[in-house]
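Visitor: Please take these sequences and the hints and turn them into a complete structure.
Top line first, the protein sequences correspond to chains A, B and C. If you want our numbering, it's the position in the first sequence, counting the first as 1, plus 510. If you want our numbering, it's the position in the second sequence, counting the first as 1, plus 1. If you want our numbering, it's the position in the third sequence, counting the first as 1, plus 346.
Don't take every hint at face value.
Derived CB-CB ranges, DEER-like [said to hold, decoys possible]:
| hint | chain 1 | residue 1 | chain 2 | residue 2 | range |
| --- | --- | --- | --- | --- | --- |
| 1 | B | Leu157 | C | Val602 | 40 to 46 Å |
| 2 | A | Pro601 | C | Phe733 | 44 to 50 Å |
| 3 | B | Glu54 | C | Val602 | 29 to 35 Å |
| 4 | B | Arg53 | A | Phe581 | 55 to 61 Å |
I should point out that these hints are in silico values taken from the structure, not numbers from a laboratory. All residues carry an ideal CB built from backbone N, CA and C; glycine is no exception.
Chain residues, written in single-letter form:
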Amino acid sequence: MIKEDWGFQTGLPEAASSYAPNIDWLMNVLHVVMIGIFVVWGVYFIYCLVAYRARDGHTGTYHQTGEKASFIPDGLILAFEMWLILAFGIPIWASVKQSTPPPSESNNIHVIAQQFAWNIHYPGPDGKFGRRDVKLVSASNSIGLDESDPASKDDIVTINQMSVPLGKPTILQMTSKDVIHDFWVSNFRNKQDVVPGLNTNLWFEPTKTGKFEIACAQLCGLGHTQMVGNVFVKTPEEFDEWQKSQVAEKAGTASAAGAVAPSENRS
Amino acid sequence: MSTQVAETSTGISHAKLGIWTFLASEIMLFGGLVSAYVILRSGSAHMAIPPREMMGVPLATFNTFALITSSVTMVLALAAIKVNDMKRFARFIGMTIGGGILFLCIKSYEYNHKWHEGITLSSNLFGSFYYTLTGLHVIHVIGGILLLLYILVTGLNGAYDAHNHERVEAAGLYWHFVDLVWVILFPILYLL
Amino acid sequence: MDTHGHGHDAGHGHGEPTSFWRKYVFSVDHKVIGIQYLITSFLFLLVGFGMMMLMRYQLAWPSPPDDFDPEKMSLVRSTIAKIFGDKMEYGFMRPDFYNQLGAMHGTIMIFLGVVPLGVAAFGNYVLPLQIGAPDMAFPRLNMMSYWVYLVGGIVMMSSYFAPDGFPQSGWTSYAPLSIVAPPGQTVWCIAMVIIITSSLLGSINFIVTTLNMRAKGMTLGRMPVFVWAQLVTAVLLLLAFPVLEAGALLQLLDRVAGTSFYIPKDMMYGSTVFPAAGGGNPILWQHLFWFLAHPEVYVLLLPAMGIVAEIIATNTRKPLFGYREIVGSMVLIGILSFVVWAHHMFLSGMRTSLANLFVTTTLTISVPSVAVLTCLLLSLRGGAIRFNTPMLFALAFLPMFGIGGLTGLPLGFAPTDLHLHDTYYVIGHFHYVVAPGSLAALMGATYYWYPKMFGRKMNETLGKIHFWMTIVPMNFIFFPMLFQGMWGMDRRLADPTLQWHNLPVQGWSVIMLFAACVLLLGQIPFLWNFFWSLRHGEIAGENPWNATTLEWACPSPPPHGNFVTPPEVHRGPYEYSVPGHKTDYWPQDEAA
Ligand code: HEM
Ligand SMILES: [Cu+2]
Ligand SMILES: [Cu+2]
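Guide: Right, here's the structure in full:
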């Protein structure tokens, strides 16, 4: 009835990006505060239910006093929340979403989402992305890469599998071919809608090597659940190795079939 | 009906309070659409605006004039019923209806013309907004004309007099609103 | 648009209709209309609940195990497989069917279930009574809004028969998915426009009635909290719904008339470019939608708060704590709810700097919510608390709404929302507010006002069984959602086990299914009680709870025109245990 790999976890999954600890910290603080407030309320609530239950000889009291005092907890909560916003909310948000590490010192990737796959476009060793054109989109060229552009020569396109190096930020510039998707890796604590007709960005700096799952977090149709992929965080050496082998492979098969259509490659 | 005024808690008749609340929601309806238009107009790179000659500004200006005039005659109709002058009342309501019908005639000529010039509902974003916004307004004008016809018929049957004209007032408020919507649509669609 | 033709019957009160049709079907009496709304919305809630049961079954065991043998299916699975035919495969849902049920569950529960129940059913029945009015200001408009609502609901359900069935883009219907979706979505847009029209007619009526038809002496400051809640709700509906109407209209045109309000340039559809001029903006839909839908969540909440305030005041036998603070907070919530909508859109691609603004407004709005809760909690102090069924539901509302509101905090903080957005945490959050919160309050309201509606009380024992079998399983359904979301499990997944990172929280889904089954069983005593008590319940009399507000000052059920003599109000709504008064309650209309 419950398969052996199904579990009953209650916390946050492993953190694997540079800003994840900040977010987790805020998450934990908020939950401690929430539980605290709830327990205080709850104890008072139960006390009232017991102490003021109707019973023989006990009547309600007609008092209208102390009303102003109830503004004190309201004020305290407001002040506390504003402090949290100013001290943590705005700065963390700014560091994750409103600023991006310098592209020249980062690993740059374009993500082109479609129903129901993630196309991942690397600039290759030259660091330049080839031109894309919607008119060139075909079964074998799912992102419409213009191979006549010299910058395209060493570009790598993969489907659903993203490799990134450790120790360096990765910047994703994302767009969608069709409907809205959402790029989401729970271990990085970050997600971002991927919108047709718009470029959105997401950056992360991995802190652990390994395999992390990419999921689509925005309902995008019947294959939404299966729109998954993996981020492989590799050591810089492994990453270079991988990049070289990809470029070599592309050169080898350039005249042959090229990339496989996503629908056939999905599993 | 007239006695109600005294009976309500606020002293304002149900009809009047009702029409004001209704207009508040109408403002939000047109407000939503107009802000959508403004947002895309300033934000989209693909909203090609047709040249002003194609929009036929003089004709639309005349149309604006027709509608404003009908608002004036509406005010005069209300003033007439307030002094029990049925003849003037009927004449001005009739003129108001006439103004509305004139507006619709010119509008349908305009639609026809634009459609043949290639500005259609689906030709581009501007066309889509043009027909949606003005189309919704036209529906409101038609509704207003029907309302005024009702007022005219019941009025001729003696439903209103100097003390009892809440519905005329409510209909008037609605008609002024319809007029006001056009006064906003005209510059943002034709002149900007 | 037509306010004419209604005015004259506003001041009626004479001539009760005699024919069956006029009296029970096409009635203009606010009480009959309220009961029509009550029954219809409970039916829709049941339909939505049934869809939820199917979804929970799917989520507990989303795909066949390796040793699955179609010949040896369990009875449940084989029955489901038979009923739904090719929408399922051996009783496992196809993803498009899951999406259909998801979209319809949300749409039905919100627009056809909870809002009509909280606003239209109880609002219609109770509000005119509480202000001492003979009826609504525009009775025929009132009747029309019920029938328009019913038509809207039927149209919505009829989308089942469209090619590819129900709409399947979620209750939020995000463009452009909703633009390229199968025809069921067109039906959704049309049905929404109809339902919105009904709501608008209703809210105009509520506002005018509340402002204009108060009995002598019923000043604004003496109105019961429930009336205030309905007034604020009506204003929210009046101002927020038209914006969604505009949005739905644009979506409809995008779908059927080739416009491209929400379709960007060069959008692809499968392997071809979508046939539209393009240039539109998908995020525009989200702004228009959430501009409605955030106020809408308070439409779900405010009537419930009002109900809880009434029940608590009556059953603690003492005045509410902070009447003015509660009312003020509700008004403030109403105003602020118009400036928080984009907290649903932190990650939508809108300008990231806007997030800080909306974080601030969102956390500001949590303060009046907390204030109402605190006042209700402090109202218990010094009471003589009676634990009858309505009171149990009202009391349960407090901690349940507490959890719902508190879980709003990490969602309202943009940095933590990065992790929680679009996960089950959000689902847990709003279900806590809406299900064991609002819906529990509405069930309490049913027990509380039933004697007024039908002249008899509902059975207390069955009521208490219903209460425990509702609140306990609900917690076993909704609390694990918070765990699943915290672990990063997305919402709207037909088969979460296809994503390996979800497996460590998948076990919870099995528990949630069992809890949902208990919840289902728990509703049987309620339904039985409802119908059984019509004939056999204890006779209630005019004022079974010894309450003070005006609805208890007329016969149960009230006759056509409500009050035998127009009531006159002498004091505030919650004068309980007034020292020196002969009884522990002092009705608003009792002469001094
Ligand atoms: C008390 C303060 C509250 C706060 C701070 C709050 C905050 C939020 C936030 C930030 C979200 C968006 C989460 C996301 O999508 O990432 C959200 C979602 C939601 N909230 Fe609340 N909320 C509060 C109260 C309520 C109430 C009272 C209700 C309803 C009665 C409610 C119903 C909802 C619903 C239905 C959604 C999800 C909509 C969807 O995406 O389908 N919330 N809330
Ligand atoms: Cu998706
Ligand atoms: Cu919200």
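Visitor: Now tell me if each hint is right for this structure.
Guide: Structure-based check of each hint:
no. : hint                            : verdict
1   : B:Leu157 x C:Val602: 40 to 46 Å : holds (42 Å)
2   : A:Pro601 x C:Phe733: 44 to 50 Å : holds (48 Å)
3   : B:Glu54 x C:Val602: 29 to 35 Å  : holds (31 Å)
4   : B:Arg53 x A:Phe581: 55 to 61 Å  : holds (58 Å)
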